[in-house]
Amino acid sequence: MKVLIIEDNQELSRNIYQYLQGEGYICEVSYSVQEAEDKLLCFPYDCIVLDVMLPDGNGLDLLHFIKSEEIDTSVLIISARNALDDKILGLDLGADDYVTKPFHLPELYARLKAIYRRKILRGDPVIICNEISINTNTLEVSVQEHPLDLTRKEYDLLLYFITNKNRVLTRQTIAEHLWGDYTESLANFDFVYQHVKNLRKKITTAGGNDYIGTVYGLGYKFNVVSS
Amino acid sequence: MKGIRLKLIDQFTLWFFAITVVVLIAGGIIVFMSVQNEIIREDSRRLKDTVHLVATRLQQGAPVDQQQGYMVRIQELAHTAPLIPLQVVDTLFWFPSHEHYERQLMAVASYKIRGKHYHIAASNLVAEPDEIAEGIAKSLSWIFILLLVLVGILSRLLSRKLLAPFHETLIAIRGFSLSGQTPLHLKDTQIREFEQLNRFLEAMTQKAVIDYQSLKEFTENASHELQTPLAVIRGKLELLMDSPITDQQALLVQAALDSIEKLSKTNEALTLLTRLDNREYQATESIDISRHLSNGIFRLQELFELKGLHLDYELADNVRVWLHPVLADILLNNLLSNAMRHNIPDGKVTIILTEASLLIQNTGLHPQIATEQLFQRFKKSNPSQNSTGLGLAIVKQICDLNSFRVSYQYSQGWHRIEVVFRKDKSGQRKANLERKKVLNEE
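Chains as they are written, first to last, in our numbering: chain A, 34 to 260; chain B, 971 to 1412.
Calculated directly from the structure, the hints in this document are not laboratory data. Just so you know, these numbers come straight off a predicted model, no measurement behind them. There's no promise every hint is true.
No more than 20 angstroms apart at the CA atoms, straight line, and that leaves these computed lysine-lysine pairs for PhoX-like [what the hints assert, rightly or not]:
| id | chain 1 | residue 1 | chain 2 | residue 2 |
| --- | --- | --- | --- | --- |
| 1 | A | K146 | A | K186 |
| 2 | A | K35 | A | K72 |
| 3 | B | K1131 | A | K254 |
| 4 | B | K1206 | A | K198 |
| 5 | A | K198 | A | K146 |
| 6 | B | K1157 | B | K1131 |
From the derived model, a few chain B residues whose C-beta atoms are all more than 10 angstroms from chain A [unchecked claim]:
| id | residue |
| --- | --- |
| 7 | T1026 |
| 8 | V1034 |
| 9 | P1153 |
| 10 | I1161 |
Which chain B residues stay away from chain A? Per the calculated CB distances, all over 10 angstroms, these [as the list claims (entries may be wrong)]:
| id | residue |
| --- | --- |
| 11 | I974 |
| 12 | D980 |
| 13 | L1056 |
| 14 | E1072 |
| 15 | L1116 |
| 16 | S1125 |
| 17 | D1158 |
| 18 | F1164 |
| 19 | S1193 |
| 20 | S1256 |
| 21 | G1317 |
| 22 | A1326 |
Glycine residues also receive a C-beta, built at the ideal position from the N, C-alpha and C atoms.
I would like the entire structure built from these sequences, with the hints used as guidance.
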């Protein structure tokens, strides 16, 4: 998958670049609207990560540009937190999803991947990770062909883990992924522990491997040894 | 000073009437004096003429008897008596047939004619002062009544016409909203004061809109400028996490991440408070708070269960409240989160929504500071807790902006936060109608 990152802050774009590259993505970076327009006209991209505030214009204008030039790509907006108007406007203008600053890199990646699945892999909603397979249309999970009975949160958690496999996920990241803006009410992340414990148990009971490892002091990691 | 508030036109009318009364009284006195003087002067002249005429006739040899009459009396005086010069006497005179005194004007003089000394008196009854006064008072009263009626009716009609631009301005101001971002545009009027007022309002709203805009921009920029570096730091730490690090380093990374989390939440809450100060979320219609609340409870139900809290609720259906939907969700979420966060193990939460108010109670520890202070920014009952200390400040701000009354009490292990919705529904309806009216006119 080829991704164009349009973000004027060099360190931020480098973060995204590095994370996506680690997942085997081909990334390019633009620091301005002008530069992005040139690149979009010359090369095809599967997805664009677009910051709304850019030095030479509003990122939302690029959405108009993409529409008018009939460029076939998906767009993930990075908007400032609370700027409700930007989110709504962006989605109206044809963006596929958004994350708000300061975002978690695993979250950004999970959103990007979800867009990718929705738009590019239209015919294939099934994600397979060794003996675990997830149907993202029917939300059904099976381990070695045995269906797994997961709650909605456990399903989300498993998908998040598999999407960000071999990455350290903090309890905070997981909590925010599962509960969104309501993490404020959590006070601590014992809930995450509960969910992880349940998921782990269900997978192993169904005969799957115990992929979820604890990372000291930080959180969890879904360990898959690539063959 | 508080008094009865009259319409401008009624004030004008009352003052006008007060002045009219004074003028009419003064005018009445002047009219009375001049009428009376005129009558007396005219009558005196006529009576003097009569005396003179009688004297001339006698001189010419007319018999005395013929000259006597109703008004003229002639008496003979002693020849030696001194001559009486022509003079007018104003006297009261008993009138037997009317049985009261009448005012009489009499011209007298004596003449020596043909060796005889005649005393000639010509007299006439004149209108008494009280009769004149009565007549004047009567006619002036009629004038006053006529004025009262005409001015009363006409002033109302006229004021509707004259004050029309003013009322238009009032409606325009009422419909003005900073977040609408358009300064007022008022029609030209022929009345100088209103014209001044309109121009002043236009200039003022223009400035307000610009100030508001720049403040809003500043807030957005500040928030964005803080969020970007926060995103950078968080990303760096997340990338660092994925590299091989020691346990010691992992703890350092986690501590840094926690602080970033806190900073980000605080920034978010402060931005929200600023936007609330800017009145960016103005309610434009009433919402069904029952639905918002049951959705909120549904979303948090799982967390209540995970935390082992016992939740009881009793929600009246279809309670409509004048509030922006985004604020409704923030308000409810903050209240519910608060009840959950500051609870005790195996604690309870009770939520009661009625037509008039929302009551959320939760079990909890005794607060360390006065409960009302918890609505202040960064005031926490337990400073060590990992919260921003802004949740209730936001609740308070939302309530203040929407004229809700919010109170916080603690007694016997229970924290009670009550939000009393704005009572005057008619006021809301009125405001609503006016807003619609303005929209229609535009």
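Outcome of the hint check:
1. A:K146 with A:K186: holds (18 angstroms)
2. A:K35 with A:K72: holds (12 angstroms)
3. B:K1131 with A:K254: Given pair K1131 (chain B), K254 (chain A) is violated - Cα atoms ~78 angstroms apart, limit 20 angstroms.
4. B:K1206 with A:K198: holds (18 angstroms)
5. A:K198 with A:K146: Distance of about 13 angstroms is within 20 angstroms: holds.
6. B:K1157 with B:K1131: OK: K1157 (chain B) and K1131 (chain B) at ~15 angstroms, within 20 angstroms.
7. T1026: T1026 (chain B) clear of chain A: closest Cβ-Cβ about 111 angstroms, beyond 10 angstroms.
8. V1034: Holds, because the least Cβ-Cβ distance between V1034 (chain B) and chain A comes to about 118 angstroms, which exceeds 10 angstroms.
9. P1153: Since the minimum Cβ distance to chain A is about 21 angstroms, P1153 (chain B) lies beyond 10 angstroms and the statement holds.
10. I1161: holds (41 angstroms)
11. I974: The claim holds: I974 (chain B) sits with its nearest Cβ about 47 angstroms from chain A, beyond 10 angstroms.
12. D980: Given that every Cβ of chain A is farther than 10 angstroms from that of D980 (chain B), nearest at about 48 angstroms, it holds.
13. L1056: holds (105 angstroms)
14. E1072: Fine: 95 angstroms to the nearest Cβ keeps E1072 (chain B) off the interface.
15. L1116: holds (64 angstroms)
16. S1125: Fine: 50 angstroms to the nearest Cβ keeps S1125 (chain B) off the interface.
17. D1158: holds (35 angstroms)
18. F1164: F1164 (chain B) clear of chain A: closest Cβ-Cβ about 37 angstroms, beyond 10 angstroms.
19. S1193: Label violated. Min Cβ-Cβ 6 angstroms, cutoff 10 angstroms.
20. S1256: It holds; S1256 (chain B) is separated from chain A by about 20 angstroms at its closest Cβ, greater than 10 angstroms.
21. G1317: holds (13 angstroms)
22. A1326: holds (26 angstroms)
Going down the numbered hints, you'll see the structure goes against 3 and 19, while the others check out.
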